[in-house]
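Q: Sequence:
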Amino acid sequence: MKIPSVKGFHDVLPGESARWARLESTAREIFERYNFGEIRLPIVERSELFRRSVGETTDIVEKEMYTFSDRDGSDLTLRPEGTASAVRAYVEHAMQGVDPVTKLYYFGPMFRRERPQKGRLRQFSQIGAEVIGRDDPAVDAEVLVMLADLLRGFGIESAEIGVNTLGCAECRPGYREALVAWGESRLDERCADCQRRLRQNPMRLLDCKQPQCVGMRDEAPKMIDHACAACRNHFDRVLRLCDAEGVALTMQPYMVRGLDYYCRTAFEVVASGLGSQNAVGGGGRYDGLVQSLGGPAVAGIGFALGVERLALVLEAQGAAATTAVPEFFVAPLGEAAESAAFGLTHRLRVAGARVEMDSGSRSLKSQMRRAGKLDVPYVIILGEDEVAGGSITVRDMRARTDRRGIAPIDTDVETLRAALAAVATTAAAEERV
RNA sequence: GUGGGUGUAGCUCAAUUGGUUAGAGCGCUGGAUUGUGGCUCCAGAGGUUGUGGGUUCGAUUCCCAUCACUCACCCCA
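Numbering (my numbering), first residue to last: 3 to 435.
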C-alpha cells in the first residue's frame, strides 16, 4: 500500500536540492557581509503570536493556519511566516540590551493551508532577514540594497523591486478615509469582492485584479500624497540612498501588503516565470510590532524570499539542475576483490574524494556502463589480476585508456591523483611530439 | 473556499464510430565469445487503464460519483 505525500507538501529531490543549497549558501554569504547573524527559530509557536502580529482579519489567520491543540491544551500553530517568530525571539532574549541594532536572518519552512498551485505550496521555504532597533531611512536602504545584492547573487535576471510607502499611525487614517470616500463614489461599478473589501480592508481595493476595478485604480488617491512630512521625508531619503547605489526601484503607489504590521516603506520583488504567483519576495517596515509583542518601543524592517519561487524563476531562465559527479568509481570483480575495494573506497572517502563503488557480483560491463552514465572521470578496476599483483588499474573514461598498476591497492588519494596527473602530462607531451 | 483541465508502464504519451493478447519512445535489467562505458543491435521485466458504481454481449473509450494531480480565482513568499 503506497502512502502518498500530503497535498501541498512536496519532496525536493537531489537535483533540485542542489539548487536550493546554492541559493542558501549565496544568501548566507551576502547576509554575513552585511553583518547579519543567523537565527534558528522554532517551527511551532503559540497561536496568539500570529493572531496579534499578522492580524486577526488577514486571510492567513482567518483560514490558513495549521493550528492544533497540544496534549496539555495549549493552542499552537505551525508558523505561517518568520517575522513574528524573529520578533518574539528578540523580545524574549531582550536583544536590545546586546546592541541597539539587531540584524537577523533565517531559513526555513513556513506553513499555510491554501489551495496549492504553481509557486504556491502549503509548506514552503523562506529566506528572511530582519533589522530591529532603528527607524533610520538608511536602514531601509541598507535592506533594499542587500535585497538587490541577493537577487544578483542568485542570478535572477529580470527581478523588479517595487516600493511604496504605507504611511504611519499619523497619516494612514486620513488616507484610509480618502480611500473609502473614493471607493464609495462608484461602488456599484466594482466587483463583488471589492464591495466587501471596502468595509473590511479598503487598502485591498488597490490590488484587485478584476478588469473593471483595475480600470478605476488610476484615479484612486495615493498614499504618498497623503503621507505626513515625516513619512515623506523618510521615503525620499530611502529612495535617494538606493538610487545613489544604483539600485533600481519601481514606484508602485498602489502596492499594499497582506500583513497588518507593515507601515512606511513596503516593497515586493516580482519576477517572471512563476505563473500567476509572480512575487518572489516581499517585506517592509513594522515599527509598532515589537512593542505590541511586549518588547521595547523600537522599529523594525524585514523581508522574506520564497525559495521555491526563486528556484522556479531560475528554472524558467534555463538554469539546469545539476547533479554532483563522483571523482572515482571503484569497480570490483568478484568477492575477494570486493573486500579490497571496500577498504580502498573508504580510504579515498576519508581523504575527501567523492567516490562511488559498485558490487563485485556485477559484471564489469554493467559497472562500466553505470560509471559512464554517472560521468565519472576515473574507474578504478579491481579484479583477480589486480588483487594478485597488489596494484590497481585505472581507466581514464575520457581518454578511453587503461593504466595498469598505476598505484598500489593501499594507495592514498594524493599519490593516486599525482600519478594520474603525471600520466596526463606525459600523454600530452607525447601527443605534441 | 470557488471554477476549469487532466488521470493508461518508473517518465512522456498512443490505442480507429465502444470490439477480443492495452502499444511506443525514454529509463531499467541482461546479452552481442575471455575483464571495459557513451553509439548501434537483440531480448526481458514492468499496467487490477486513479478508485467505486452504472449502461452494454463487450468499456481505456459512454454516464454518475469519488479521490488525486494541475492551472486559475482568492491570497501571498
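These aren't lab readings, by the way, just hints derived from the structure by calculation.
Note that CB positions come from ideal geometry on N, CA and C, so glycine has one too.
Each hint should be verified, as a subset may be incorrect.
[What the hints assert, rightly or not] Below, a list of computed lysine-lysine pairs in the PhoX-like style, where the Cα atoms sit at most 25 Å apart: (1) 9 - 65; (2) 224 - 367; (3) 224 - 65; (4) 120 - 224; (5) 224 - 211; (6) 4 - 65.
[To be verified] Ranges of calculated distance between the beta carbons of each label pair, as one might list FRET restraints: (7) 213 - 19: 23 to 33 Å; (8) 12 - 424: 42 to 52 Å; (9) 65 - 227: 50 to 60 Å; (10) 209 - 94: 30 to 40 Å; (11) 65 - 318: 25 to 35 Å; (12) 99 - 345: 51 to 61 Å; (13) 4 - 224: 51 to 61 Å; (14) 209 - 23: 51 to 61 Å; (15) 246 - 403: 50 to 60 Å; (16) 9 - 424: 22 to 32 Å; (17) 64 - 211: 19 to 29 Å; (18) 40 - 368: 30 to 40 Å; (19) 201 - 248: 50 to 60 Å; (20) 195 - 162: 25 to 35 Å.
Q: With reference to the structure, classify each hint as holding or not holding.
A: Hints, verified against the model:
no., hint, in the structure
1, 9 - 65, "holds, 17 Å"
2, 224 - 367, "violated, 72 Å"
3, 224 - 65, "violated, 30 Å"
4, 120 - 224, "violated, 32 Å"
5, 224 - 211, "holds, 18 Å"
6, 4 - 65, "violated, 30 Å"
7, 213 - 19: 23 to 33 Å, "violated, 41 Å"
8, 12 - 424: 42 to 52 Å, "holds, 48 Å"
9, 65 - 227: 50 to 60 Å, "violated, 34 Å"
10, 209 - 94: 30 to 40 Å, "holds, 34 Å"
11, 65 - 318: 25 to 35 Å, "holds, 30 Å"
12, 99 - 345: 51 to 61 Å, "holds, 56 Å"
13, 4 - 224: 51 to 61 Å, "holds, 54 Å"
14, 209 - 23: 51 to 61 Å, "violated, 34 Å"
15, 246 - 403: 50 to 60 Å, "holds, 59 Å"
16, 9 - 424: 22 to 32 Å, "violated, 57 Å"
17, 64 - 211: 19 to 29 Å, "holds, 20 Å"
18, 40 - 368: 30 to 40 Å, "violated, 45 Å"
19, 201 - 248: 50 to 60 Å, "violated, 43 Å"
20, 195 - 162: 25 to 35 Å, "holds, 26 Å"
Hint check: violations occur at hints 2, 3, 4, 6, 7, 9, 14, 16, 18, 19; the rest are consistent with the structure.
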